[in-house]
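> Here's the letter readout for the chains.
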Amino acid sequence: MKTIHFNQIRISLVGMALMFLGCNPQGSGGSDGALSSSAAEKVYIAPGEQDEYYAFLSGGYSGNLTVYGLPSGRMFKEIPVFSQFPTSGYGYSEETQPMLNTSHGFVPWDDLHHPDISQTNGELDGRWIFANGNNTPRIARISLSTFETEEIIEIPNSAGNHSSAFITENTEYVVAGTRFSVPVPQRDMPINEYKGNFKGALTFISVDPEEGHMEIAFQVIMPGFNYDLARPGRGESHGWFFFSTYNTEEANTLMEVNSSQNDKDFIAAINWKKVEEYVAQGGGESVAVNYAHNLYDESTHSATSTMIKKVVTVDPTQIPGAVYLLPTPKSPHGCDVDPSGKYIIGAGKLSADVTVHSFTKMTEAITNEDFDGEAYGIPILNFDNVLAGVVKSGGLGPLHTEFDSQGNAYTTFFISSEVVKWELGSWEVVDRKPTFYSVGHLMIPGGNSRKPYGKYLVAMNKITKDRYLPTGPEMEHSAQIYDISGEKMELLYDFPTHGEPHYAAGCSADLLRDKSKKIYRLDENNHPFAITSPAEARVERDGKEVHIYMSTIRSHFTPDNIEGIKVGDRVYFHVTNHEQDFDVPHGIAMIGANTSEILVMPGQTKTIVWEAKQVGVWPFYCTDFCSALHQEMQGYIRVSPANSNVELSWSLGD
Amino acid sequence: MIRNQLLFCLILGCLTCISCGDKKEKDTQDFKIERKATESAKIDTAKEEQKPSERIDLNTLGVGPIKSVSLDPEIDSDLAAAGEKLYGQLCIACHKVGKRFIGPAPNGILKRRSPEWVMNMILAPEIMVKEDPLAKELLQEFNGSPMSNQGLTEDQARAILEYFRTLE
Numbered sequence: 001m002k003t004i005h006f007n008q009i010r011i012s013l014v015g016m017a018l019m020f021l022g023c024n025p026q027g028s029g030g031s032d033g034a035l036s037s038s039a040a041e042k043v044y045i046a047p048g049e050q051d052e053y054y055a056f057l058s059g060g061y062s063g064n065l066t067v068y069g070l071p072s073g074r075m076f077k078e079i080p081v082f083s084q085f086p087t088s089g090y091g092y093s094e095e096t097q098p099m100l101n102t103s104h105g106f107v108p109w110d111d112l113h114h115p116d117i118s119q120t121n122g123e124l125d126g127r128w129i130f131a132n133g134n135n136t137p138r139i140a141r142i143s144l145s146t147f148e149t150e151e152i153i154e155i156p157n158s159a160g161n162h163s164s165a166f167i168t169e170n171t172e173y174v175v176a177g178t179r180f181s182v183p184v185p186q187r188d189m190p191i192n193e194y195k196g197n198f199k200g201a202l203t204f205i206s207v208d209p210e211e212g213h214m215e216i217a218f219q220v221i222m223p224g225f226n227y228d229l230a231r232p233g234r235g236e237s238h239g240w241f242f243f244s245t246y247n248t249e250e251a252n253t254l255m256e257v258n259s260s261q262n263d264k265d266f267i268a269a270i271n272w273k274k275v276e277e278y279v280a281q282g283g284g285e286s287v288a289v290n291y292a293h294n295l296y297d298e299s300t301h302s303a304t305s306t307m308i309k310k311v312v313t314v315d316p317t318q319i320p321g322a323v324y325l326l327p328t329p330k331s332p333h334g335c336d337v338d339p340s341g342k343y344i345i346g347a348g349k350l351s352a353d354v355t356v357h358s359f360t361k362m363t364e365a366i367t368n369e370d371f372d373g374e375a376y377g378i379p380i381l382n383f384d385n386v387l388a389g390v391v392k393s394g395g396l397g398p399l400h401t402e403f404d405s406q407g408n409a410y411t412t413f414f415i416s417s418e419v420v421k422w423e424l425g426s427w428e429v430v431d432r433k434p435t436f437y438s439v440g441h442l443m444i445p446g447g448n449s450r451k452p453y454g455k456y457l458v459a460m461n462k463i464t465k466d467r468y469l470p471t472g473p474e475m476e477h478s479a480q481i482y483d484i485s486g487e488k489m490e491l492l493y494d495f496p497t498h499g500e501p502h503y504a505a506g507c508s509a510d511l512l513r514d515k516s517k518k519i520y521r522l523d524e525n526n527h528p529f530a531i532t533s534p535a536e537a538r539v540e541r542d543g544k545e546v547h548i549y550m551s552t553i554r555s556h557f558t559p560d561n562i563e564g565i566k567v568g569d570r571v572y573f574h575v576t577n578h579e580q581d582f583d584v585p586h587g588i589a590m591i592g593a594n595t596s597e598i599l600v601m602p603g604q605t606k607t608i609v610w611e612a613k614q615v616g617v618w619p620f621y622c623t624d625f626c627s628a629l630h631q632e633m634q635g636y637i638r639v640s641p642a643n644s645n646v647e648l649s650w651s652l653g654d
Numbered sequence: 001m002i003r004n005q006l007l008f009c010l011i012l013g014c015l016t017c018i019s020c021g022d023k024k025e026k027d028t029q030d031f032k033i034e035r036k037a038t039e040s041a042k043i044d045t046a047k048e049e050q051k052p053s054e055r056i057d058l059n060t061l062g063v064g065p066i067k068s069v070s071l072d073p074e075i076d077s078d079l080a081a082a083g084e085k086l087y088g089q090l091c092i093a094c095h096k097v098g099k100r101f102i103g104p105a106p107n108g109i110l111k112r113r114s115p116e117w118v119m120n121m122i123l124a125p126e127i128m129v130k131e132d133p134l135a136k137e138l139l140q141e142f143n144g145s146p147m148s149n150q151g152l153t154e155d156q157a158r159a160i161l162e163y164f165r166t167l168e
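As given, the protein sequences belong to chains U and R, one line each in that order.
The opening position of the first sequence corresponds to residue 1 in the UniProt record's numbering, with each subsequent residue numbered one higher.
The opening position of the second sequence corresponds to residue 1 in the UniProt record's numbering, with each subsequent residue numbered one higher.
Incorrect hints may have been included.
What the hints assert, rightly or not - Here are some of the chain R residues that sit facing chain U, going by a computed Cβ distance under 7 angstroms: (1) A82; (2) Q89; (3) A93; (4) S148; (5) N149.
As the list claims (entries may be wrong) - Lysine to aspartate or glutamate pairs mimicking EDC-like chemistry, simulated, CA-CA at most 16 angstroms apart: (6) R:K99 <-> U:D654; (7) U:K515 <-> U:D125; (8) R:K96 <-> U:D654; (9) R:K85 <-> U:D523; (10) U:K518 <-> U:E148; (11) R:K96 <-> U:E536; (12) R:K85 <-> U:E536.
I should point out that these hints are in silico values taken from the structure, not numbers from a laboratory.
Yeah, the Cβ is synthetic: ideal placement off N, Cα and C, and Gly gets one too.
Just chain R, with the same shape it has in the complex (with noise of 0.2 angstroms):
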């Protein structure tokens, strides 16, 4: 019985395909197998449980070579212009501005994480997302997608770190 429903289902399938034509190919989405909620599902669920990249810690410094940065309460325009430089080269194959890619925005960073987490993050990913809990939480929040320690100095992890100060 399933299965001559199934077979039923099969030919109808390829029927509509070939009715599609040659111009643009019907979007089908007749099966949702635990697929993610949507942007209007959420709204429903607003008791949802935070997620790790919304959370807020401003303490945590985070695991790796930076154990305290003090910022200027100026932005130093220079330093973040070689920041954009090199976040441009090195970081945008996973992280866009203003938008989720492969992992998150930076934008609005420092109003939720340190500046010691924010670099030690840039510069020791791999340590980071075994032995700080919030980047081990990220990491799954981000399907499992690595952060790649791009080997840079700590200068240049600085310059980064300004360039994340201008963005809103």
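Chain U extracted, bound-state conformation (with noise of 0.2 angstroms):
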């Protein structure tokens, strides 16, 4: 019976299979048209080959950004900035420790939402890209030659600085706008007065063309608000830059319920170039405030912490012409502006619609005075006379929207899961996929600049669930990517993302492939405790402070013998790696560490300190696999106890 069982399940699958083959004549699933390639096709990229775009992934609560490749979805690097980062001794190392400097102390870690490339002539100029720390409200500027984090500004008068890092078409300012509104200056207040008190400060910084240095050029001291996120005009509407806004109703409690009461809240328009002259005519107050400012010097690869007491703020009713209201339907998250300038797009996002604005209807409103009302001084214009048009998008909870090179529009919807293309213009809906699950941010490369690159978008989502094999409770944010050079967008890979990633950036790899850093030259290294040879190496005795000037190349550490340490020292191996060759760092690992190990690029200097706690001959080694002899580059350190008259002494090989 058995036997016989098993023969009937045996040509049951067969016949199954003939079935399969007998539908499907193409040989694989799903595809619409027998034209386009496959999905795996468009994302596979063969062994060797490289990727099309770089796309500069937010890391929300990691506080880092991370590197991906489009359209493979690879991981190419996270790049630390607000994090400590034992990886490479980013923020344990004496050198970038600064990088983390506040006026609240030495903060370790941040909450990265918004990256952006810097333009010129409202294009990707790929030179850097800046991003904010949410939390302890902070603007890092990271290099796209070295991909590392070469400054960081803290904004003052801010908190929960989310409608940031966002720039203008020349990179002549990033702007960092407060979310949640304070007390400007902070003082002992009850919270319950927040309405009509509280204030929101819009923070212009200033970015030197040729640095990159920023600078707060002024802050723009705003009503008390939630100022959510923002976009430059660009094209025509250069000069203005628009904040999206919630919580009109200044509501400082059970938020959920009270800050949606307002049918509309407001995008804010800043015409950055009026306040810009105001202040360079000397307008604003000069008031005390104290916020670090921390910059990393590439030649000395060590970074500088400074304390700065004053900032210029603004009071925007003083400015005839400089800020304008206008109303926005159901708490808008998403702010976004079209390739042309034209138009300011508003995502409600406890509706189904989305709002567009028209940048020319809002000038002529402005110069009619057709406005509706003012609060705290400011104009709020009329809302039909400045609407454009409405996408009725059969959607539910817009949030943001990217755009293509064609005349169209892509907005995701978090609460009813999906990407919707429309067309400017028409505000007709032209298609609409699903994401996996519940999408906050799209990126599509050059999305969010005068010259998008229409080919791929990214739907970042805020839910994984089964997309990926279970890891326990918590899952990394599934990514998909989909491509949209055709009329209908068609999903292509699912991938995950690390961290949460909130915005993202991306751009043609031909942008950055052939200026990306392989080396630093050791004749350029300007650090204190750098050797340029190691004839140089040697240790010195400062009282309890030991200075080991060490360097290091394939498959050794000078000096990697080092006696008369004592108990109580505290050590400091400053590491230069010799190496002149792209790709051989050499780490350095010592035992008990209390700090990291540190990661020293090619020609590059670091230092880690070690304190001597124990008497005892303890190891060092390197942590990157350097040659086939990495695993003899090691060294020991002699611990004598502290009145021992051992002598200090180092040497290699003697």
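Using the supplied hints, reconstruct the complex from the two chains, each of which is provided in its own coordinate frame.
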């Protein structure tokens, strides 16, 4: 009986297989046309081949930025920005600890939300990428030649630095708007006196066109709303900046309910050129504050932190024509400007529709003084007379919009979990595709510039669920890549991200590939503890501080035997990597170090501190597999009792 | 039986250590596992094959960017000084004058190698250890320790070559 049974099953299986073959002569299921290549082919980057685009995804609560390739979805690097990163020693090494200094002391973490690539004439120029720290308000600038964080500036008078870090179309300013309004200046006052007393600071940070160095130019002190997201004007609207707001109710408790009472909140339009002019003519008030400005110098391989005590604040009602409010329904979240700069899109997150304001109509309404009242002296423009159109999406919970180069917009819908493609001008929905699941931001390379590369769209989701093998209660967030080169979007691929991606920025690989730095030149190393020759390797004592001037090359440390260290000494390993070849870092790890290892790039100097606490002979070793003799790359430190008279000595091979 | 012997040795070893005191711990060399031939042993085996580093080959140019170098009979002392300075920064981590270190000493190198071979080894070590048979053997002789590409220009490598000419 059993045998017969098995045979029957086998026959059925063969039959089914034949049926499948018969049904699907093209061989792959789900394809809607014989001409379209398969999704797999579109994302497949053969071994040794490289991706077409770079994508920089925010890490959210990881505090860092991750670098991916598109269309493969392969992760290339995690760039430490606001978080200590033992992988490289960032925030642990003596040189990089100042990067994380703030007015609250050393803050080793932040919540990184919105990266934005520098622009010239409204097009991506690939020099730097800016990103915000949401929690302890900060803006970082990351070099796109070294892929290292070079500068972090703290934002005073701000809290929940969310409508940040977005740049103007020639990178004149990087903008940081506060999400939480607070007393300005900070003071002891009852929380329930929020309304009318708390303020929202919108900070304009000027960017030096040569070096990229940031400086707070002015802060526009706005009413105590929540400033959520922001976009620059571009093209004809260049000179303006747009910020979405919610909680125009100015509630201070049970916000879920109390800040959703008004049918419309605002998009605040700031004419920053007018404010700039006003400040240049001596307008504004210089007020006492305290914030950190941290700058990394590539030539000394070291950061410095400077506390700054003054900032210029501006009362916008004192500048005629500087600020207007555009009523926007249902607690708008995303505030996006199309490539032409003609349309400002407000996505009411509790709505089904997307509101589009016209920049032309806005300027006309301003000229005609077509106002619908005012808020704290700021004119509110007439909603109907600035409206360009409404996208009747059929979805629910619109959040963010990006653009292609063909006059289309793509909006994410969190609640209905989809991306909706619609046409600028006609406001008609063209296509919609589901996301998996509950999409937040989306990114089209160049999608926040005058010149989008409209080939791929990346949707970054808040919920992962069943997309990958389960890994316990916590899953990395999923992202999906869509091909948007045709009329209909095509889902190509799914990939996990790191931390929680909010916004992302992307650009063509051609923009960055050739200027990516390969080594630091040893003869340009100005680190005060660098040694440019192993002949200078030495150990010096200064009281209880001991400085080891050490060099590395495949595969040894110079020196590798050090004696005369005593219990209670604070030992500085100043390690210069003498390699001058691409991709040959050396690391150093010291047993019991209360910091981390450091990874030293070719030609670079880094310092890690080790405290000698116990008598003995203690090893250190190279953490990066550097050559066939990497396992031999090690050394010893002899630690003698505090009262010992063992002399300081060092050697290699003697 | 064997285990007991081992145990005995270990105990003896421990005792020896303890008795050494804290001044200077005894240099114990109780075991030899394929230890390399010592200097004295080398004399006994005079027939031992010549090492790649000692071999003389003045005709091979090596593989790399340098196809021909002409040396002036007179040493250019300014160029040699510039070369010495570069050598002190970028080479001495592995090559000491007058002494084998991580790699061979540069002394008398031009009596054994062509100037082109030397410059190619400096400028394109990754290619040399793959494609030049002698460089391949040298990598093995020196424990598989790779020669680092220090990113020198041809002019800088030429200066180092001039410095090598001053080393007997």
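> Mind listing which of the numbered hints don't hold for this structure, in increasing order?
1
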